[in-house]
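*Asks:* Chain by chain, the residues run as shown.
2 protein chains.
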Amino acid sequence: MRLGCGDDAALWQPRPGYQTVLTSDWFLEGSHFLREKHPADSVGWKCLARAVSDIAAMGGIPRCFLLNLAIPASHTGRWLDEFLGGLRRAAKFLRCSMAGGDTTRNHQILINVTVVGEVKQGKAVLRSGARPGDLLFVSGNLGEAELGLQEFRRRGKHAPKAMSPALRKHLYPKPQIQLGQWLAENQFASAMMDLSDGLSTDLGRLCEASGVGAVVEECAVPLARGMAGQEAIGCGLHGGDDYELLFTVHPKQAQRLPRQYQGLRLTPIGEITRGRQILLRIDDASVVPLKPSGWDPFRK
Amino acid sequence: MRLGCGDDAALWQPRPGYQTVLTSDWFLEGSHFLREKHPADSVGWKCLARAVSDIAAMGGIPRCFLLNLAIPASHTGRWLDEFLGGLRRAAKFLRCSMAGGDTTRNHQILINVTVVGEVKQGKAVLRSGARPGDLLFVSGNLGEAELGLQEFRRRGKHAPKAMSPALRKHLYPKPQIQLGQWLAENQFASAMMDLSDGLSTDLGRLCEASGVGAVVEECAVPLARGMAGQEAIGCGLHGGDDYELLFTVHPKQAQRLPRQYQGLRLTPIGEITRGRQILLRIDDASVVPLKPSGWDPFRK
Chain A
125 MRLGCGDDAA
135 LWQPRPGYQT
145 VLTSDWFLEG
155 SHFLREKHPA
165 DSVGWKCLAR
175 AVSDIAAMGG
185 IPRCFLLNLA
195 IPASHTGRWL
205 DEFLGGLRRA
215 AKFLRCSMAG
225 GDTTRNHQIL
235 INVTVVGEVK
245 QGKAVLRSGA
255 RPGDLLFVSG
265 NLGEAELGLQ
275 EFRRRGKHAP
285 KAMSPALRKH
295 LYPKPQIQLG
305 QWLAENQFAS
315 AMMDLSDGLS
325 TDLGRLCEAS
335 GVGAVVEECA
345 VPLARGMAGQ
355 EAIGCGLHGG
365 DDYELLFTVH
375 PKQAQRLPRQ
385 YQGLRLTPIG
395 EITRGRQILL
405 RIDDASVVPL
415 KPSGWDPFRK
Chain B
125 MRLGCGDDAA
135 LWQPRPGYQT
145 VLTSDWFLEG
155 SHFLREKHPA
165 DSVGWKCLAR
175 AVSDIAAMGG
185 IPRCFLLNLA
195 IPASHTGRWL
205 DEFLGGLRRA
215 AKFLRCSMAG
225 GDTTRNHQIL
235 INVTVVGEVK
245 QGKAVLRSGA
255 RPGDLLFVSG
265 NLGEAELGLQ
275 EFRRRGKHAP
285 KAMSPALRKH
295 LYPKPQIQLG
305 QWLAENQFAS
315 AMMDLSDGLS
325 TDLGRLCEAS
335 GVGAVVEECA
345 VPLARGMAGQ
355 EAIGCGLHGG
365 DDYELLFTVH
375 PKQAQRLPRQ
385 YQGLRLTPIG
395 EITRGRQILL
405 RIDDASVVPL
415 KPSGWDPFRK
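Just so you know, the protein sequences line up as chains A and B, in that order. Using my numbering, read the first sequence as starting at 125 and increasing by one per residue. Using my numbering, read the second sequence as starting at 125 and increasing by one per residue.
Bear in mind the hints are in silico, worked out from the structure with no lab data behind them. Predicted, not measured: the structure shown is a model, and the values here were computed from it. All residues carry an ideal CB built from backbone N, CA and C; glycine is no exception. Treat the hints with care, as some may be off.
Far from chain B, by Cβ distances over 10 Å, these chain A residues were calculated [said to hold, decoys possible]: (1) Gly-154; (2) Leu-158; (3) Glu-160; (4) Gly-225; (5) Arg-251; (6) Arg-292; (7) Gln-302; (8) Glu-355; (9) Gly-358; (10) Gln-379; (11) Gln-386; (12) Arg-398; (13) Ala-409.
As a list, the in silico DMTMM-like pairs of lysine to aspartate or glutamate whose alpha-carbon atoms are at most 25 Å apart [unchecked claim]: (14) B:Lys-415 / B:Glu-342; (15) B:Lys-247 / A:Glu-242; (16) A:Lys-298 / A:Glu-160; (17) B:Lys-376 / B:Glu-342; (18) A:Lys-247 / B:Glu-242; (19) A:Lys-415 / A:Glu-395; (20) B:Lys-244 / A:Glu-242; (21) B:Lys-415 / B:Glu-309; (22) A:Lys-244 / B:Glu-242; (23) A:Lys-247 / A:Glu-309.
Whole structure, please, built from the sequences with the hints as guidance.
*Replies:* Following this line, the structure appears as structure tokens:
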């Protein structure tokens with residue numbers, strides 16, 4: 125069974141003046157979603173949205189994707205229909221069309237999505253461009269998807285139709301494509317990545333790629349309305365699945381960077397430093413190491 | 125853990141005058157290989173080679189790939205080293221470099237490889253171009269990899285260093301990249317695909333895509349030296365994993381098509397017909413339906 129173009133491979137016409145951006149992402153039953161609990165429709169939406177987020181993080185625009193799906197024979201009926209429904213809605217919303225893939229049978233549900241995107245020649249933003257003195261920014265609010273996951277665990281499959289914003293962010297995340305593209309084309313960001321595994325884990329990766337360190341101001345981390353207290357800050361620092369953008373900006377550029385983009389907050393949360401440590405400033409008197417405590421499949 | 129470029133996504137420079145060819149392929153423990161029996165080195169080689177074969181089947185040249193790997197923590201040492209060794213050898217041989225991917229942890233070993241290739245603008249050969257009257261060709265010998273699989277099952281992991289050609293074809297297949305490119309650029313092939321799931325299964329797919337039927341001459345199916353008898357013919361008609369090319373050629377073009385390409389046999393094995401049936405001519409008196417009896421994950 126082949127999906128999409130139905131040939132051995134998909135054909136794609138690159139646009140002159142653009143580079144191709146390529147990314148693949150696992151979405152596995154048991155690790156990334158629960159077969160019996162997560163709606164198949166959300167699984168379909170999220171497997172594409174999270175892969176597209178990696179394209180957004182380079183400043184690229186998604187164009188097409190390959191769906192690799194392995195399912196048990198028992199799931200080729202209703203589950204598959206609902207899964208494909210969610211996937212199609214995401215594909216339409218993200219303007220990213222299915223170009224092919226590979227489908228096979230397996231006892232555990234396995235999904236891998238490859239997204240192909242484009243970025244204007246020379247405009248891609250890498251993780252490795254952060255320099256000491258750059259300001260550290262995040263888009264939107266952090267920790268909201270983690271809060272949504274906690275709500276989902278409490279409520280289970282039969283969530284009310286009127287979903288809370290947090291639950292919606294957990295089930296149907298929206299990658300920041302326009303923002304990423306705008307930051308890249310206007311050369312605001314010196315380095316950028318998406319926040320999929322939690323700020324404390326992902327910031328470490330950006331700093332490692334750039335050969336720098338960072339200090340994060342705890343009180344500056346933007347939390348969703350109604351989130352407060354130590355637990356909420358923990359969600360903001362370590363919670364995964366937000367798919368917001370983490371980016372660094374040269375101090376001069378930061379002066380002309382608006383603090384909102386299409387209604388989305390852009391918040392400075394700290395600074396890039398020469399030392400290789402990742403630190404958290406709790407108040408004027410205390411600075412502690414910010415240990416990577418987000419998602420890491422080999423540490424769980 | 126990220127492999128390759130270490131950024132959110134890989135950047136790739138398309139070549140002017142070329143289209144991009146994209147394919148993804150599963151390679152799963154239990155379905156496509158056995159953890160305890162197949163050498164990790166062969167798993168690494170074969171997962172890339174079989175995905176590249178889909179690029180060859182379009183007349184394309186492979187350029188880079190994304191490796192998606194999920195392994196148990198127990199396999200991050202020696203198994204992973206040997207796997208990456210086989211993968212690197214294949215990447216060098218196939219001139220296809222690793223550009224990125226995604227690695228996570230899972231109890232079952234999961235591999236998905238996406239290959240990006242190029243084909244000259246307008247020269248890609250699809251499955252859908254076969255027309256009644258076209259001659260049906262295959263490259264090389266059929267059924268050899270199936271014979272190798274049988275030999276492997278008898279001998280197990282401790283195969284002798286001097287592998288038989290059949291065993292080598294099972295463990296370290298070589299996709300027909302040069303042949304595919306040559307057939308495409310010289311416009312010999314009206315339709316083309318690779319033989320991964322067995323002639324009887326794959327021919328059905330090519331005919332369906334083209335809206336035609338076919339008659340295969342049983343006595344014309346090329347078998348490896350020493351293969352004879354009904355069982356050998358069964359391997360040739362239904363055995364998978366050969367990664368040879370199946371292609372159709374207009375009768376006029378067939379006259380100028382040499383019967384060898386760089387020492388590789390190109391054998392006419394039948395003809396495309398107007399009717400939608402796939403038939404096998406056993407002798408002058410008997411023609412029987414050729415039922416798809418190769419690999420199909422949803423029928424096993």
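*Asks:* Next step is simple, just say for each hint if it's right about the structure.
*Replies:* Now the hints, each set against the structure:
The beta carbon of Gly-154 of chain A is not kept farther than 10 Å from every beta carbon of chain B, the shortest such distance being approximately 8 Å. Interface exclusion of Leu-158 of chain A from chain B stands, the closest Cβ pair being 15 Å apart, more than 10 Å. Distance to chain B confirms Glu-160 of chain A as a non-interface residue, since its nearest Cβ pair spans about 18 Å, more than 10 Å. For Gly-225 of chain A, the requirement that its beta carbon stay farther than 10 Å from each beta carbon of chain B is not met, with the minimum near 5 Å.
Distance to chain B contradicts Arg-251 of chain A as a non-interface residue, since its nearest Cβ pair spans about 5 Å, not more than 10 Å. The beta carbon of Arg-292 of chain A sits about 24 Å from the closest Cβ of chain B, which is more than 10 Å, so the claim that it is off the interface holds. Taking the minimum C-beta to C-beta distance to chain B, about 17 Å, the non-interface status of Gln-302 of chain A holds against the 10 Å cut. Distance check for Glu-355 of chain A against chain B: the nearest CB is about 27 Å away, which clears 10 Å, and the non-interface claim stands.
Every Cβ of chain B is farther than 10 Å from the Cβ of Gly-358 of chain A; the closest lies at roughly 24 Å, confirming the non-interface assignment. For Gln-379 of chain A, the requirement that its beta carbon stay farther than 10 Å from each beta carbon of chain B is met, with the minimum near 27 Å. Every CB of chain B is more than 10 Å from the CB of Gln-386 of chain A (nearest about 21 Å), matching its label as outside the interface. Distance to chain B confirms Arg-398 of chain A as a non-interface residue, since its nearest Cβ pair spans about 22 Å, more than 10 Å.
With a minimum CB-CB distance of about 36 Å to chain B, Ala-409 of chain A clears the 10 Å threshold, and the non-interface call stands. The suggested pairing of Lys-415 of chain B with Glu-342 of chain B holds, with an alpha-carbon distance near 13 Å, which does not exceed 25 Å. Our distance criterion of 25 Å between C-alpha atoms is met by Lys-247 of chain B and Glu-242 of chain A, whose separation comes to about 23 Å. Straight-line distance between C-alpha atoms of Lys-298 of chain A and Glu-160 of chain A comes to about 23 Å, which keeps the hinted pair within the 25 Å bound.
Restraint check for Lys-376 of chain B and Glu-342 of chain B: satisfied, since their Cα atoms lie roughly 24 Å apart, inside the 25 Å limit. Of the supplied pair hints, the one linking Lys-247 of chain A and Glu-242 of chain B holds, its CA atoms being roughly 23 Å apart against a limit of 25 Å. For the hint linking Lys-415 of chain A to Glu-395 of chain A, the alpha-carbon distance of about 17 Å falls within 25 Å, and the restraint holds. Using a Cα cut-off of 25 Å, the hinted pair Lys-244 of chain B and Glu-242 of chain A holds, with the two alpha carbons roughly 20 Å apart.
Note on Lys-415 of chain B and Glu-309 of chain B: the hinted pairing is violated, with a Cα-Cα distance of about 33 Å set against a maximum of 25 Å. For a cut-off of 25 Å, the pair hint linking Lys-244 of chain A to Glu-242 of chain B stands: about 20 Å separates their Cα positions. At most 25 Å may separate the alpha-carbon atoms for a hinted pair to count; Lys-247 of chain A and Glu-309 of chain A meet this at roughly 6 Å.
In this structure, the earlier hints numbered 1, 4, 5, 21 are contradicted, and the remaining ones agree with it.
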